[in-house]
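Can you make the complete structure from the sequences, with help from the hints?
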Amino acid sequence: MKLHASGELDPELDARLVGRCLEGESRAWDALVFRHERLVYAIGRAYRLADEDMGDVFQEVFTALFRGLPNLRDARSLVRWLSSTAERVARTTALRRRREVAREVRDDLTLTKLEDQGEAVGADLERLERQHQVRIAMGGVPDRCKRLLEALYYEDPVPTYLELSQRLGVPMGSLGPTRARCMDQLRSRLESVIRERDGISGA
Amino acid sequence: MKADRSRDRHLDTRAALDFLEYRLEAGERRRVEEHLGRPCDTCRERLRQLGELLTSMRDDRAGEVPHFLHERAVGVFAPAGTPSPARRFVDAIAELLFDSAVAPLTSAARRDVGEARRRRYGLGADSVEFEVEKEPDGMMSLSGQLRAADARLWTLEVEVGGERRFVRPDAAGGFVLKGLPQGSLTLRLRGEAGSFRLPPLEL
Numbered sequence: 018m019k020l021h022a023s024g025e026l027d028p029e030l031d032a033r034l035v036g037r038c039l040e041g042e043s044r045a046w047d048a049l050v051f052r053h054e055r056l057v058y059a060i061g062r063a064y065r066l067a068d069e070d071m072g073d074v075f076q077e078v079f080t081a082l083f084r085g086l087p088n089l090r091d092a093r094s095l096v097r098w099l100s101s102t103a104e105r106v107a108r109t110t111a112l113r114r115r116r117e118v119a120r121e122v123r124d125d126l127t128l129t130k131l132e133d134q135g136e137a138v139g140a141d142l143e144r145l146e147r148q149h150q151v152r153i154a155m156g157g158v159p160d161r162c163k164r165l166l167e168a169l170y171y172e173d174p175v176p177t178y179l180e181l182s183q184r185l186g187v188p189m190g191s192l193g194p195t196r197a198r199c200m201d202q203l204r205s206r207l208e209s210v211i212r213e214r215d216g217i218s219g220a
Numbered sequence: 010m011k012a013d014r015s016r017d018r019h020l021d022t023r024a025a026l027d028f029l030e031y032r033l034e035a036g037e038r039r040r041v042e043e044h045l046g047r048p049c050d051t052c053r054e055r056l057r058q059l060g061e062l063l064t065s066m067r068d069d070r071a072g073e074v075p076h077f078l079h080e081r082a083v084g085v086f087a088p089a090g091t092p093s094p095a096r097r098f099v100d101a102i103a104e105l106l107f108d109s110a111v112a113p114l115t116s117a118a119r120r121d122v123g124e125a126r127r128r129r130y131g132l133g134a135d136s137v138e139f140e141v142e143k144e145p146d147g148m149m150s151l152s153g154q155l156r157a158a159d160a161r162l163w164t165l166e167v168e169v170g171g172e173r174r175f176v177r178p179d180a181a182g183g184f185v186l187k188g189l190p191q192g193s194l195t196l197r198l199r200g201e202a203g204s205f206r207l208p209p210l211e212l
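Just so you know, the protein sequences line up as chains A and B, in that order. With my numbering applied, the first sequence covers 18 to 220. With my numbering applied, the second sequence covers 10 to 212.
You may find that some hints are simply not true.
What the hints assert, rightly or not - Reference listing, derived: stretches of chain A covered by chain B, where coverage requires no fewer than 3 residues with Cβ under 8 Å from a Cβ of chain B:
id : stretch
1  : 68 to 78
2  : 155 to 161
Claimed, not checked - Derived contacts from chain A toward chain B, CB cut-off under 7 Å, selection only:
id : residue
3  : Q148
4  : P176
5  : M200
No lab work stands behind these hints, which were simulated from the structure alone. Glycine is no exception: its CB is placed at the ideal position from the N, C-alpha and C atoms.
This is the structure we're talking about:
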């Protein structure tokens, strides 16, 4: 199934990309990475990893994914697999780094404290997966909607309607109705993404 | 009687968003609260779902994935097989199809794009059309549209003034790169149909 020019989400896109990766197509791998790297990044960020450690996590997680592609029976489970793998690798990396720091300062109390801090992050996996799904759905809405919704709901601080009006070249009075239409489109795309994850074909 | 009928009215997306974001005036907010209190399970559920979505987006503060991490993940790809013949293109030269400096735009098209120089290149069966404009701060911007079935799976790579920038088109193929320095610009596009390089452009 092709991705339509209208931006409609392809419910089998992951499966198609995985298939093309297995045929040796590097561009499919590039696209697969682009589609899901944000989830891995968000999990690494949750563990407050430095750039160098984050690079190691990316290397390890995506190497594992690449090696595991032939055994990936159902591409719909990809997000769940990626999040649990990234969480395990990030947790291990963060703990190792903290132990190194603690050893350097020879402070057992610090070590215990830092290990405790790491425990709470795993509970956020479901939230991070949900955020990832929303980001994927956002990729399927028209660019004009994407820019408006990103400004309103991802930027901090949230720009005023006056700022948005000037930035997007949209009259202030139409921002409210446009925002509602864009949100409807996003929700529709999100439902497709969730159906894809749950194995219900939207085709 | 009139007030009763207004309390019966269900919330559309705009009203629901305005309610959640405290953008309603006092009278309208009271009407919504009365409607919800009748109770209206449909609107309560609508608000709950929208509220969850907004919270998910506002809590998503991971930011964009740094390019070096993307490259690290992409770098683990090592094809086991041979790509299909259709995908073996390596930096094919894009074919110039149109240049407004040579073939002036129609007056209708000029109204849309102004006096900016517009060019279109063929990328196999696909094409890219773009224009370069000078920004008020002296920097340059490149904007256009990629006409390809899977536009958002393509990557545009721009090298200019010692900088290398990447952008992915949106689902409809639109792309914008702002803040480019002046100089000789090289544009490379990688996607479904292969990898294409455009002749250097002077900004």
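Tested hints:
no. : hint       : result
1   : 68 to 78   : holds (count 6)
2   : 155 to 161 : holds (count 5)
3   : Q148       : 4 Å, holds
4   : P176       : 13 Å, violated
5   : M200       : 6 Å, holds
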